[in-house]
Every structure is written in C-alpha cells, then in structure tokens.
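Full structure from sequences and hints, please.
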Amino acid sequence: MLADRPQFEDLYRAYLGRIYAYVRAQVSSSADAEDITAQVFMNAYQAYARFEARNTTPAAWLFRIARNATLDHFRAHGRRERLRRTIEHQPMAEQDPSGLAEERIQYRALLERVGRLPERQRDAISLRHSGLSFEEVGTLLKCSEDAAKMLYHRAVKGLRDAVEKEGA
Amino acid sequence: MNDSEDLELQALQRQLDDAFETTRPRPGFDDELWTRIQAHRLASARLRDAWMGLIQGIREAPAVPMGAVAVLLVVALGVGVVTLSGVHIGGGGGGATSLSAGSGQQQYGPEAGRAGPPGAFGRLPSPVLNPGSPDKAADSAAQPTFAAPGLPYPGPVTLTWTGKLDLNVTSAPVFRYAEPSTNTADQFGASLGAILLSRPGGYLGSYETSDFNVRVRGTIQSPAREPSFIILPIRALAPIDAAGGSADVAVVFLAQHSLAPTWPYTSESTTSGDETKVLLLRQFAVNGHGYAYLVNGNGERYGLEVDLKGNTPTLATGPLPLSLDTANYSIITADEAVRSALASSPAVAASPAAPSVALTTAELVYSLVVAGDHSFYEPAILFSGSFVVDGKTYLKRVLVPAVDPAQRSS
Numbered sequence: 000m001l002a003d004r005p006q007f008e009d010l011y012r013a014y015l016g017r018i019y020a021y022v023r024a025q026v027s028s029s030a031d032a033e034d035i036t037a038q039v040f041m042n043a044y045q046a047y048a049r050f051e052a053r054n055t056t057p058a059a060w061l062f063r064i065a066r067n068a069t070l071d072h073f074r075a076h077g078r079r080e081r082l083r084r085t086i087e088h089q090p091m092a093e094q095d096p097s098g099l100a101e102e103r104i105q106y107r108a109l110l111e112r113v114g115r116l117p118e119r120q121r122d123a124i125s126l127r128h129s130g131l132s133f134e135e136v137g138t139l140l141k142c143s144e145d146a147a148k149m150l151y152h153r154a155v156k157g158l159r160d161a162v163e164k165e166g167a
Numbered sequence: 000m001n002d003s004e005d006l007e008l009q010a011l012q013r014q015l016d017d018a019f020e021t022t023r024p025r026p027g028f029d030d031e032l033w034t035r036i037q038a039h040r041l042a043s044a045r046l047r048d049a050w051m052g053l054i055q056g057i058r059e060a061p062a063v064p065m066g067a068v069a070v071l072l073v074v075a076l077g078v079g080v081v082t083l084s085g086v087h088i089g090g091g092g093g094g095a096t097s098l099s100a101g102s103g104q105q106q107y108g109p110e111a112g113r114a115g116p117p118g119a120f121g122r123l124p125s126p127v128l129n130p131g132s133p134d135k136a137a138d139s140a141a142q143p144t145f146a147a148p149g150l151p152y153p154g155p156v157t158l159t160w161t162g163k164l165d166l167n168v169t170s171a172p173v174f175r176y177a178e179p180s181t182n183t184a185d186q187f188g189a190s191l192g193a194i195l196l197s198r199p200g201g202y203l204g205s206y207e208t209s210d211f212n213v214r215v216r217g218t219i220q221s222p223a224r225e226p227s228f229i230i231l232p233i234r235a236l237a238p239i240d241a242a243g244g245s246a247d248v249a250v251v252f253l254a255q256h257s258l259a260p261t262w263p264y265t266s267e268s269t270t271s272g273d274e275t276k277v278l279l280l281r282q283f284a285v286n287g288h289g290y291a292y293l294v295n296g297n298g299e300r301y302g303l304e305v306d307l308k309g310n311t312p313t314l315a316t317g318p319l320p321l322s323l324d325t326a327n328y329s330i331i332t333a334d335e336a337v338r339s340a341l342a343s344s345p346a347v348a349a350s351p352a353a354p355s356v357a358l359t360t361a362e363l364v365y366s367l368v369v370a371g372d373h374s375f376y377e378p379a380i381l382f383s384g385s386f387v388v389d390g391k392t393y394l395k396r397v398l399v400p401a402v403d404p405a406q407r408s409s
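Chains as they are written, first to last, in numbering that gives the first Met the number 0: chain A, 0 to 167; chain B, 0 to 409.
Note that these hints are calculated values from the structure, not bench results.
Where is the CB? At the ideal position from N, CA and C, for every residue including glycine.
Among the hints, erroneous ones may be present.
As the list claims (entries may be wrong) - Here are the simulated distance ranges between beta carbons:
| # | chain 1 | residue 1 | chain 2 | residue 2 | range |
| --- | --- | --- | --- | --- | --- |
| 1 | B | ARG122 | A | GLN6 | 37 to 47 Å |
| 2 | A | ALA46 | B | ASP240 | 39 to 49 Å |
| 3 | B | ARG13 | A | ALA13 | 17 to 27 Å |
To be verified - Sample of chain B residues facing chain A (criterion: CB under 8 Å; computed from the structure):
| # | residue |
| --- | --- |
| 4 | ASP16 |
| 5 | LEU32 |
| 6 | TRP33 |
| 7 | THR34 |
| 8 | ARG35 |
Stated by the list, open to error - A few chain A residues facing chain B, derived, Cβ under 10 Å:
| # | residue |
| --- | --- |
| 9 | PRO5 |
| 10 | PHE7 |
| 11 | LEU15 |
| 12 | ARG17 |
| 13 | TYR21 |
| 14 | ALA24 |
| 15 | ARG127 |
| 16 | MET149 |
| 17 | GLU163 |
See below:
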C-alpha cells in the first residue's frame, strides 16, 4: 500500500456524508440515495487497491465513482423518475417519517430543485457544494476549469430563476 | 450583474452550502454500510482469516475450545438445570475444576486452569475501590442497578461497625489470567463462527457472522475491567424458545453460541416495558466458605449481561472466556478486616462534620486487580452501610484487601 494513501475506513468515514448529500441531490428518495451511496462505497472498496493518490485526490476519485453510480441509476430508473418529477413538479415523495427527520425540510426543497436542473448543471452545483474545486469539477465533467466555473454560475442562476418562478 | 442580483446569488450559494452540509444519511447508516462493505470482502481474504484463526488455535493453548467443550457438555446435560435464582454452576475449563451441579450439593475447587502452590504468584497488588466514580465501562458490561440501594458517598465519614463478619477460612484462592493477545481474540471470534473484520482502536478485534457483530477488547486499566466481548446483532435475531423466564432465555442464547458461563453465578433480571436486562453475576468458589461475588470498582456485582426485547436478544456482553491459574493465599481475620475498614476513613479530625456511618454488612468478594501482562481476581472484604444526609440516602462501601498484608506488595 502506498504510504500517502489513507486507510479505506478513514476515507469512508470522512466522505460518506458528502457523497450521500451529492447523491441525495440527484435522486428522489433517501432510500435511493442510500442504495446508490452503498454502491459507491462498495465499488470504491473493491477498486481501492488500484487507487493512486498521486494521480487524483480521494475526493475526486470518490465523486467520480459516485457520479458514475448515479448515472447508472438513472439509466435504470431515470426515465420514470424524471417523468414523475416533471409531471408532479412538487416536493419529492417521502412517506417515511424517519426520512422526514433525516434532513432539514427547508434544505430538502432546495436540493429537490437542484435535482430538476439539466444534468450537467445539477452535477456542477452538487460537486462544487460537496467541496470539490472547480478544477476537480472540470475534470469530472470533462471540461476546463473555466468552463466548469461558467457552467456552475449558469446553474446557480438557473436555480435562482426556478426558485423565483416556483415562489411566484 | 447588479448588486442586488449578486447578493441574491450569494445568498443562494450559502443556502446550497448549508443544504449539502446538513444533508446526511440517517443515524446508523454509516455503521450498517461499513458492515456490508466488510461482508463483501473477497472470499479469499475470508478464508485466509479463518485459516489463520485455525492455525493460531492449534498453535496456542486451546483455552476457548476447552471452554466450548465444557459448555457443550452443560447444554447436553440439560439447560433445565438452570433456574431463575440461586447458585448456578458452570463447568470448568480445566482438569483441576471440581464444580458440580448435582441436586444442590456444592463442591468447591479452583475456578479453572492450573492450581499452584500457596502464594505461587508472589506478592500481590492490592484491590482498590473507587466509590462515587461512575463506571465509564457501564455501556459494555453488566451493571446491576439493583445492587445500589443508595447513592455512593465519596466524602469523608465517621465509620462504625455494627454488623457481624464470620470469615471461616484462613486462606482463599487468587485467580490469575494472562492478558489476551489478538490471537486469543481471533480464536474467540472463530469459536463463534465469526470472521475478523478489523482491529478498531481500543479493541483486539471486531468480528462478524451473518447475524451479529462481536467486538473483543483486552483489560481496561481504569475503571478496572477484565477482557470482554460484546455482541450486537446486525439484524433482528430469532426469538429464543425457552420454557423458563428471561434468565433461561439469556442462558439458552449464550449456550447456543458456546458462551454460557463456565463459572458459578446467580441471575437477576430487570424489566422495563418489553425490554429485560438479564445479569449473570459472577462468583468464585472458596473452599470452606462458599461462593464470593465478583465486584467492580464501585463495589457492585457484575458478570455477563444479556439484553432482551421480548425473547429476542439485543445485546450480550461479558468477560472473555480465559484460562485462570489459581494459588491459595493466607487471608486476614475478621477482626483485622473490621479494623482496616474503620481505619479507612481517617478524616474525622479534619472534617468534624463528617456524617457518621454504621457499616452493617460485610461479605467476602472478589475484585479485579489489573497488573500488566497478568491480572488477578483477588479476595477482599466489602463492607457496606447506608445513611441519610439532607434527605438523601447514601451508600458507603469500603473494600478491604483480604490477602495477608505480608503477601501484598502494597
């Protein structure tokens, strides 16, 4: 094991919450977010032997896995989910009372709106507010750092417009 | 972009920061997922761990397997022997043990392991009591709430003795165990069919079966606590079908996992709603005297604990089964014990307002004394008396080392 590579459990404990929040902003239920988060860390655990800290940060590595797992989820369920969000256009269904307590209500609505943004804008906001640098966001979204900044700012404006429109 | 729009966007970004920062999975999800991740370890790693455990088990003295064999015999003879209260006697782990469970007849002998000549362990460290100090290990070992009729009183008191103490023996066994290694813990885990997951800080190992997680730790210095295990179900365990009460359910569950006590004990249960805490209070056999309870640093009896919800175990914790060596030591007389107890509170002159406390009961007990590579269960006399100050009932306990001072190091 490389000396500069942290123990996987340390990585897991440090990033679980952030990865979950990132995934939660993409999907419509905490149950799906848990499933995807679990898949992310299962995949990461199996791939950790191949992780090389000198090539990327642990955060960028984990968020890449998280992004791929989320995209996989949408490939399997996304059409139905996107349709539902578009049709219902209302807060995400959350029947489980413990789920309601799980997240602050006021922020859940905001994440829900993030989830309705176009895919790349949604990713830009989620990755940036999960603690990644614009350089890391750009790497993950396969664009330059400047392009990532522009994408992010466009996304925030789009989000503000959506908030204002819904609040009107 | 005008100033107003800029401020709006900044406010939204702050909200996004907060939203992502405060969105976290439900409590417990992190441990659940970590357990699942560990369960997905490659089969080869599991096999390697299992084989390493087996190999170590063959290399080292088979303390746990011997205990397991004894427990199997106990189970084969019938769990029905166990009753809700009274003395219960488990099988010993060594050939020198002569405990018997036959029709109320009690034979006394060494707890387990090898019996050495008198004083074979050399000079012994002395047990101490830490009255009034909350036991920080209460989350992981049996804490008999019923044994504390009053608040512990740590301050100075004026002591008198109004009870009666009969010490009908002049010597008592001292028991010694070697500090367990990770190999010992791995053996224990393997005996439960559990696979090594990791070695978290403060523990010798964390193990897992498909049903529960087991953690094993070594001796804790302060408050003194022997090596112990704790079992926490990963998922709801099957209810135990036992004819008797909660204590029987607890013992059957322990026996199913080769964890039924191999030492004498009495059982106590406390119930709140559908939750019951069963305590199997450990005792040591003393030839010519009977059984003496093991007490912790607060003078409270303890042993194995099984928590139940209905008939379903939700937690089990207790001492790690270890081989004990034993050697007899001369002990002090009853008069000497009383004098030592009364002399233990010399602060009368400095605190003339110290409450007067009559010690009314005394019993021979055993107390753990931690001493590096080897630790000891040593005999002691526990004096107790309750008194009232400002309308509150307090309990004063005094622990007097029973081993002859000439054989103690301090």
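Evaluated hints:
no., hint, verdict
1, B/ARG122 to A/GLN6: 37 to 47 Å, "44 Å, holds"
2, A/ALA46 to B/ASP240: 39 to 49 Å, "45 Å, holds"
3, B/ARG13 to A/ALA13: 17 to 27 Å, "23 Å, holds"
4, ASP16, "6 Å, holds"
5, LEU32, "5 Å, holds"
6, TRP33, "6 Å, holds"
7, THR34, "11 Å, violated"
8, ARG35, "7 Å, holds"
9, PRO5, "15 Å, violated"
10, PHE7, "8 Å, holds"
11, LEU15, "5 Å, holds"
12, ARG17, "7 Å, holds"
13, TYR21, "7 Å, holds"
14, ALA24, "7 Å, holds"
15, ARG127, "8 Å, holds"
16, MET149, "14 Å, violated"
17, GLU163, "9 Å, holds"
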